[in-house]
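Peer 1: The task is simple: from the sequences and hints, build the whole structure.
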Amino acid sequence: MANEIKITAPLDDAAVAKLKAGDQVSITGVIYTARDTAHKRLVDALDAGQPLPFDMNGQVIYYVGPSPAKPGKVIGSAGPTTSYRMDAYAERLMEKGMKGMIGKGMRDKKVIEAMKKHKCVYFAAIGGAAALIARSIKAVEIIAYDDLGPEAVRRMEVEDFKAVVINDIYGNDLYDMGKAQYRVAK
Amino acid sequence: MRAIHSDTIVAAVKKMVMGANYDLGDDVIHAFEKGLKQEASPVGRAVLNTLIENARIAHDEQVPICQDTGMAVFFVEMGQDVHIEGALLRDAIDEGVRQGYKDGYLRKSICDPFTRKNTGDNTPAVVILDMVAGDKLRITAAPKGGGSENMSRLTMLTPSAGKKGIVDFVVKRCEEAGSNPCPPVIVGVGIGGSAEKCMILAKKALLRHVGEPSSDPELAALEAEMLEKINALGMGPQGLGGTTYALAVHVEKHPCHIASLPLAVNICCHASRHKETAL
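These protein sequence lines map, in sequence, to chains A and B. All you need for our numbering is the position in the first sequence, starting with 1, plus 1. All you need for our numbering is the position in the second sequence, starting with 1, plus 1.
Keep in mind the hints are simulated off the structure, nothing from the lab. Fair warning: there could be bad hints in the mix.
What the simulated footprint calls covered on chain B by chain A, stretch by stretch (three residues with Cβ under 8 Å from a Cβ of chain A suffice, anywhere in the stretch; the number is not a length) [as the list claims (entries may be wrong)]:
1. 113-124
2. 170-181
DSS-like cross-link-like pairs, simulated, lysine-lysine; straight-line CA separation at most 30 Å [as the list claims (entries may be wrong)]:
3. A:Lys-139 to A:Lys-71
4. B:Lys-173 to B:Lys-38
5. A:Lys-120 to A:Lys-163
6. A:Lys-111 to A:Lys-7
7. A:Lys-163 to B:Lys-38
8. A:Lys-71 to B:Lys-103
9. A:Lys-110 to A:Lys-163
10. B:Lys-165 to B:Lys-205
11. B:Lys-276 to A:Lys-71
12. A:Lys-74 to B:Lys-103
13. B:Lys-103 to A:Lys-139
14. A:Lys-74 to B:Lys-276
15. A:Lys-74 to B:Lys-118
16. B:Lys-205 to B:Lys-35
Glycine included, each C-beta is placed from N, C-alpha and C at the ideal position.
Peer 2: Laid out in structure tokens, this is it:
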């Protein structure tokens, strides 16, 4: 992909500040998975004053519930799930240091404002390209909420994980930009 | 009466849910290739190429096209001259789902609506049964992902809304759905019937080969009009901008009450999966 930016997870403020909506990125490093019910548990833990199952500082959270690994594989298919369902929880995790989210689909305006405030970036991976995306996941370990099955929190080591910046910390939104460019005026 | 043993149904269902999740239909691949020719955005074309590559990997490795291997939905047409021996039809279908999702390494995505506790085997399936003439049992597996299913809507229009009201609602629904349902999508539209009948029509419309126009010229014209208007919104593949948001719009209609004009939209992601078996 042209002009691909290589980034390493976890992220810091300097790395986040360089990213702009529309940037194609290749992510290498460690990311964590969490989706619907895992988010509820993470925020419930915060509400109860309990520690999170992992240090959120600098982390990139991937919204995914992978399919089971076939024998000999580290993971099954593992594409992004729709992100807006995590909107209710996202700012709480940003307050704890989350620097990136990977999913697909539009975010609420409040979340986009929170991203500006807390310097957190939102990436999209290609929804449905799950067999291909799995190839960039090199190691997987369930670290919390095992009982949730596909929704358990996993620590993933990724290499050259392809994504695109949808919302940067400057308030830009690639979905709005792309739509405006190709919309046929009525 | 022709007897079919429930074990035959279990085996057929198991095979279908696995095959549907591993092997994207040629109709969808052809729709991607058609989209590549007409897509104005280079990013959009790159997305379509990625989806073709993903489908090839899934087929070659026999792994799911998408990690969301869906709620297991079945359309069953049962001939009136068929007698099922052994287990109940619904139990046989659930057993096929149970075995297929386990042995096929498919994700189990079904949970209690309140506790969110996973049922662990992707059951119960949704079974839409129709009794028909003959001595065959025709089963269509249509596993459906949650992300695109969440974009469904039912509205009870007034008859005065007419075709314009229908087109406006469907186009607006797609614009609101945006990047959420993994475009390029197939838009299933049900018109008429009662509320629940209308929703089933919209889902059934998704079973048609992608891009095959309705045999009813009036509906085919409506499909073409809506497809053009949806793609003119500029959302494109994955909502990243472009001219191929929808691969097709499929409309099914049914007579309705004199007071009503029910309209249902059931959007399907590009992983439009179905397998059919006639027993």
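Peer 1: Could you run down the list of hints and mark each one as holding or not?
Peer 2: Here is how each hint holds up against the structure:
1. Counting residues of the stretch 113-124 of chain B whose C-beta lies closer than 8 Å to any C-beta of chain A gives 3; at least three are required, and the coverage claim holds.
2. For the stretch 170-181 of chain B, the proposed coverage by chain A is satisfied: 3 residues have a C-beta within less than 8 Å of a C-beta in that chain, meeting the threshold of three.
3. The straight-line distance between the Cα atoms of Lys-139 of chain A and Lys-71 of chain A is roughly 14 Å, inside the 30 Å bound, and the hint therefore holds.
4. For the hint pairing Lys-173 of chain B with Lys-38 of chain B, the CA-to-CA distance comes to about 26 Å; that is within 30 Å, so the pair holds.
5. Restraint check: the Cα-Cα separation between Lys-120 of chain A and Lys-163 of chain A comes to about 21 Å, which is no more than 30 Å; the hinted pair holds.
6. With a CA separation close to 28 Å, the supplied pair Lys-111 of chain A and Lys-7 of chain A stays within the 30 Å bound.
7. Of the pairs offered as hints, the one joining Lys-163 of chain A and Lys-38 of chain B holds, with about 24 Å between alpha carbons and a cut-off of 30 Å not exceeded.
8. In summary, the hint linking Lys-71 of chain A to Lys-103 of chain B is supported, as the alpha carbons are separated by about 11 Å, within the 30 Å threshold.
9. As the CA atoms of Lys-110 of chain A and Lys-163 of chain A are separated by approximately 25 Å, the hinted pair is consistent with the 30 Å bound.
10. Only pairs whose Cα atoms come within 30 Å are accepted, and Lys-165 of chain B paired with Lys-205 of chain B is accepted, the gap being roughly 23 Å.
11. Taking the CA atoms of Lys-276 of chain B and Lys-71 of chain A, the gap is near 22 Å; set against the 30 Å cutoff, the hint holds.
12. Restraint check for Lys-74 of chain A and Lys-103 of chain B: satisfied, since their Cα atoms lie roughly 16 Å apart, inside the 30 Å limit.
13. As the CA atoms of Lys-103 of chain B and Lys-139 of chain A are separated by approximately 23 Å, the hinted pair is consistent with the 30 Å bound.
14. Among the hinted pairs, Lys-74 of chain A with Lys-276 of chain B is consistent with the structure: their alpha-carbon atoms are about 27 Å apart, no more than 30 Å.
15. Of the pairs offered as hints, the one joining Lys-74 of chain A and Lys-118 of chain B holds, with about 27 Å between alpha carbons and a cut-off of 30 Å not exceeded.
16. Using a Cα cut-off of 30 Å, the hinted pair Lys-205 of chain B and Lys-35 of chain B holds, with the two alpha carbons roughly 23 Å apart.
Of the numbered hints listed earlier, not one is contradicted by the structure.
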